[in-house]
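Colleague: Residue numbers (this note's numbering), protein chains in the order written: chain A, 497 to 891; chain B, 729 to 918.
Mixed in with the good hints, there may be bad ones.
[As the list claims (entries may be wrong)] Restricting the straight-line Cα-Cα distance to at most 30 Å, the calculated cross-link-like pairs of lysine-lysine (DSS-like) are: (1) B:897 with A:507; (2) B:847 with B:824; (3) B:900 with A:692; (4) B:911 with A:792; (5) A:781 with B:897; (6) A:754 with B:790; (7) A:506 with B:824; (8) B:847 with A:507; (9) A:507 with B:900; (10) B:824 with A:507; (11) B:790 with A:874; (12) B:847 with A:506; (13) B:897 with A:793; (14) B:876 with A:792; (15) A:888 with B:790; (16) A:781 with B:900.
By construction, these hints were calculated from the structure, which means they are not laboratory data.
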Amino acid sequence: MSGLEKKCKKKMVPLTGNYAIAAAMRQINPDVVAAYPITPQSAIVEQFARFVANGIVDTEMVRVESEHSAMSACIGASLSGARAMTATCSAGLALMWEMLGVASGLRCPIVMPVANRALSAPINIHCDHSDSMGARDFGWVQIYSESAQEAYENVFLALKLAEHPDVQLPVMVCEDGFITSHCVQNVELHDDAVMKRFVGERKPEHSLLDLKNPITVGAIELQDYFFETKRQQEEAMGHALKAYLKVGADLSRVTGSKYPYFDSYGLEGAEAVIVTMSSAAGTTKAVVDRLRHDGKKVGLLKLRLFRPFPYEQVRDALRKAKCVGVLERSFSFGAYAPLFSEVRNSLYEAGKKPKLQSYVFGLGGRDLLESDVEEAFKELLAGKTTGGMEYKGLR
Amino acid sequence: MADAKGIVEIRIHGRGGQGAKSASQLIVEAAMDQGKQVQAFPEYGPERSGAPMVTYARISDKRITTYEPVLRPDIVMVIDPTLLEQVDVTNGMTGKSILIVNTNKKAAEIRNEAGFAGKTYAVDATGISIRKIGRNLPNTPMLGALIKVTGVISLESLIEKVEKMFLHKIGKEKTQANIDAIKEAYEKVA
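Given the sequences, and given the hints that come with them, work out the whole structure.
Modeller: Here's what the structure looks like:
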């Protein structure tokens, strides 16, 4: 690592996904960061702690004794009107479970990077998506990042989306543990002053520290109001779907990158399409390039936003394909795998549907090889579907 | 050497604690300073000091999207010669690949030992580092050998990067020792 990257104008630097995320946090300079270390997330918080210790940010860093406490501290800070962030993965995310629901239920716009890692048992420190997929129904917005650059920019997207007046929900920014979190890559850091201006100040409508307008937070709601409160939360997710594009357009003016619900890579005229997320999309792009060069009609839909799920847009993008394979890094035991399930759902209203195949790969950090992706494309081009779950890279 | 596929793929074999990971980062960071697109990542297994480990680097003129491990390396660099007996360091190498080994033996001997028919280079990076740096730190001199035989970046840009990365961490004297070691390996690799 090239030491501490200091205040900067827009420049290209070699950074891991974790350091890129820490750089985004430095530029955001949140009021409070409460975190607990866990591999492979630790480097985010270690690097950020250096920024705090060196006075580069003036964040209140809270060193807590567990992830449950980390999220609890963030919730308290967020309700007090502060901009609060943490980061975690795997068992750490699992230990937060209870508080994840509190954060979204109390409408706290907390931003949390997650370096996706498998859940125990067997114990494993490597990448899969079982941690964040397990948390997919907790009312958090989930954005997935292919590269360190995307992880960096997604943190800004997440922050402004979380704090959007119509949304007020917590957001996870996922990157693949080790694969992205520990891979040194070219990252273009945007100008400090520009990013500072982009994030601005958090202006909460209500806060515990607004003594002139006292509020009650976390009151019990039984049969009388609970249902209504939860329905509002669901409505906020609907707003998040719209606000995502609006915030993305604003961020785009600053960074020059685009933030659609998903990237369409070679989708135009594609007969065989792979739907996947995160680093697997990068590997798939390399295969699409090669197969397209050989005249094969293949394409990739790289989903960025998983919650809320852009059903309509995914349907429109996939309806013309002949055969679609969904490659994902997690199970939903006893059910269709999570991403496949959503893609299948999105196609229900389509008049003419493509054939569908579910593929699970890479659990516990098993490498996804280009030959695995190529094999999947060949099967999809041949229209070969099995009606069940298939595996890539399974021994 | 990036002509055929527009990208140079490097695999480094070392043992935990020998600096294979730092070496891969150093080389790609130097390449990035020259405007290249890069990637450096280790194969993370159980991390134990002394255990065989592998790290990868890619240097390209175009954007790198794949996260596949390097399976068909253009360059294989072996930081610890005892690995030749334990690990198939030539796995995935083609006739065009280059093998560089830290050893006090001649390249011809290494070619036999590794069972590799392609271009093979030997450099006594351990000897050089003990003489110049005063410790067995073969990873930086190995990079001197690497850039000499492959030309992935210039000697000047590697030295510039070493100065930038090392100076604030280990001071002027030790940084210069590392640079001297790189230069000697650059000259002596054969």
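Colleague: Look at each hint and say if it fits the structure.
Modeller: Here is how each hint holds up against the structure:
At most 30 Å may separate the alpha-carbon atoms for a hinted pair to count; residue 897 of chain B and residue 507 of chain A meet this at roughly 23 Å. Among the hinted pairs, residue 847 of chain B with residue 824 of chain B is consistent with the structure: their alpha-carbon atoms are about 7 Å apart, no more than 30 Å. Taking the CA atoms of residue 900 of chain B and residue 692 of chain A, the gap is near 36 Å; set against the 30 Å cutoff, the hint is violated. The suggested pairing of residue 911 of chain B with residue 792 of chain A is violated, with an alpha-carbon distance near 49 Å, which exceeds 30 Å.
For the suggested pair residue 781 of chain A and residue 897 of chain B, the alpha carbons sit about 39 Å apart, so the restraint of at most 30 Å is broken. Simply put, residue 754 of chain A and residue 790 of chain B have alpha-carbon atoms about 20 Å apart, close enough for the 30 Å limit, and the pair holds. Only pairs whose Cα atoms come within 30 Å are accepted, and residue 506 of chain A paired with residue 824 of chain B is rejected, the gap being roughly 39 Å. With a CA separation close to 38 Å, the supplied pair residue 847 of chain B and residue 507 of chain A exceeds the 30 Å bound.
Only pairs whose Cα atoms come within 30 Å are accepted, and residue 507 of chain A paired with residue 900 of chain B is accepted, the gap being roughly 27 Å. This hinted pair does not check out: residue 824 of chain B and residue 507 of chain A have alpha carbons roughly 36 Å apart, beyond 30 Å. Among the hinted pairs, residue 790 of chain B with residue 874 of chain A is consistent with the structure: their alpha-carbon atoms are about 26 Å apart, no more than 30 Å. Our distance criterion of 30 Å between C-alpha atoms is broken by residue 847 of chain B and residue 506 of chain A, whose separation comes to about 42 Å.
About 52 Å separates the Cα atoms of residue 897 of chain B and residue 793 of chain A, which puts this hinted pair outside 30 Å; it is violated. Note on residue 876 of chain B and residue 792 of chain A: the hinted pairing is violated, with a Cα-Cα distance of about 40 Å set against a maximum of 30 Å. This hinted pair checks out: residue 888 of chain A and residue 790 of chain B have alpha carbons roughly 28 Å apart, not beyond 30 Å. Pair hint residue 781 of chain A plus residue 900 of chain B does not hold up; C-alpha atoms about 44 Å apart against a cutoff of 30 Å.
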